[in-house]
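Take a look at the letters that make up each chain.
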Amino acid sequence: GAVVSQHPSRVICKSGTSVKIECRSLDFQATTMFWYRQFPKQSLMLMATSNEGSKATYEQGVEKDKFLINHASLTLSTLTVTSAHPEDSSFYICSAGQGAGTEAFFGQGTRLTVV
Amino acid sequence: GENVEQHPSTLSVQEGDSAVIKCTYSDSASNYFPWYKQELGKRPQLIIDIRSNVGEKKDQRIAVTLNKTAKHFSLHITETQPEDSAVYFCAAGWDGGSNYKLTFGKGTLLTVNP
Numbered sequence: 229g230a231v232v233s234q235h236p237s238r239v240i241c242k243s244g245t246s247v248k249i250e251c252r253s254l255d256f257q258a259t260t261m262f263w264y265r266q267f268p269k270q271s272l273m274l275m276a277t278s279n280e281g282s283k284a285t286y287e288q289g290v291e292k293d294k295f296l297i298n299h300a301s302l303t304l305s306t307l308t309v310t311s312a313h314p315e316d317s318s319f320y321i322c323s324a325g326q327g328a329g330t331e332a333f334f335g336q337g338t339r340l341t342v343v
Numbered sequence: 016g017e018n019v020e021q022h023p024s025t026l027s028v029q030e031g032d033s034a035v036i037k038c039t040y041s042d043s044a045s046n047y048f049p050w051y052k053q054e055l056g057k058r059p060q061l062i063i064d065i066r067s068n069v070g071e072k073k074d075q076r077i078a079v080t081l082n083k084t085a086k087h088f089s090l091h092i093t094e095t096q097p098e099d100s101a102v103y104f105c106a107a108g109w110d111g112g113s114n115y116k117l118t119f120g121k122g123t124l125l126t127v128n129p
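Line order of the protein sequences matches chains A and B.
The letter at position 23 of the first sequence is residue 251 when you use my numbering, and the numbering goes up by one with no holes.
The letter at position 69 of the second sequence is residue 84 when you use my numbering, and the numbering goes up by one with no holes.
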């Protein structure tokens, strides 16, 4: 299947700093990518839909100024957690597909710890 | 928006038994229903999917059934093995072009006891 690569896999940062997470589709072009947050033993909560060349669409309750999304090319979307706080500590995971109604391929996820 | 309910949240079976996980969805426009398996610390992986023009689909020990009228779909795993132990997520989506997205259920932790 298609490959989605996410980097970094783990990051520890100090409270108040910003962290950038990258999501790349390695062997296909993705006009749309999705960013999820997953708490321990819980489901995948969609945060936002990243659209290449346009603004991201955020789910209700997700602060767009805190979670900045940039989808500058057909193979790369980035999520920047700005002014991170301990409550932002979580597992962030992206996905991309090759079209609507097709399999979504997930990145390996990023474990963010804010200290 | 779409709402997906998944049951049970945990399921424990003996090796060789069958396991059934059920999901319901709310948006009648949804027409794509994938199932994902997530092992601890790993990314979700698609194991089977079904579209609304099909009522049942099988792939070896795994099968999915869909009842569009009742808006529910189920995952069936037969002859379970310890390596089937993982969290399983159902999802619902629709190929509506730019508004496409998947809504996930809360997950089922399946434990297969040897």
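The set of hints was computed from the structure by calculation and includes no laboratory data.
Owing to the predicted nature of the structure, the values given are computational and were not obtained by experimental measurement.
Any given hint could turn out to be false.
The following residues of chain B were derived to be distant from chain A, with all beta-carbon distances above 10 Å [as the list claims (entries may be wrong)]:
1. Pro59
2. Gln60
3. Asp64
4. Glu71
5. Thr84
6. Glu98
7. Ser100
8. Thr118
9. Gly120
10. Gly122
One side of the interface only, derived from the structure: several residues of chain A facing chain B at Cβ under 10 Å [stated by the list, open to error]:
11. Thr260
12. Tyr264
13. Ser323
C-beta atoms are modelled at their ideal positions from N, C-alpha and C, and glycine is treated no differently.
Classify the label on B/Gln60 as holds or violated, using whether its beta-carbon is more than 10 Å from each beta-carbon of chain A. violated (8 Å)
Interface hint outcome for A/Tyr264 [beta carbon to chain B under 10 Å]: Nearest chain B Cβ about 8 Å off; hint holds.
Beyond 10 Å from every chain A Cβ: check whether that's true for B/Gly120. violated (7 Å)
Return the status of the interface hint for A/Ser323: holds when the least beta-carbon distance to chain B is below 10 Å, violated otherwise. Where the cut-off is 10 Å and the nearest Cβ of chain B is about 8 Å from A/Ser323, the hint holds.
Report holds or violated for the interface hint on A/Thr260, using the least CB-CB distance to chain B and a cut-off of 10 Å. Where the cut-off is 10 Å and the nearest Cβ of chain B is about 7 Å from A/Thr260, the hint holds.
Check the non-interface label on B/Ser100: least C-beta distance to chain A beyond 10 Å or not. At about 14 Å from chain A, B/Ser100 clears the 10 Å cut-off, so the statement holds.
Find the nearest Cβ of chain A to the Cβ of B/Pro59 and say whether that gap is larger than 10 Å. violated (5 Å)
Non-interface claim for B/Gly122, where every Cβ of chain A lies beyond 10 Å: violated (5 Å)
B/Glu71 and chain A, when compared Cβ to Cβ, separated by more than 10 Å: holds (19 Å)
Chain A versus B/Glu98 - minimum CB to CB distance exceeding 10 Å, so not interface: Its Cβ never comes within 10 Å of chain A, the nearest being 19 Å, so this holds.
Please settle this one: B/Thr84 was flagged as non-interface, so is its CB more than 10 Å from every CB on chain A? holds (20 Å)
Minimum Cβ separation between B/Thr118 and chain A greater than 10 Å? Violated, since 7 Å does not exceed 10 Å.
In this structure, the earlier hints numbered 1, 2, 3, 8, 9 and 10 are contradicted, and the remaining ones agree with it.
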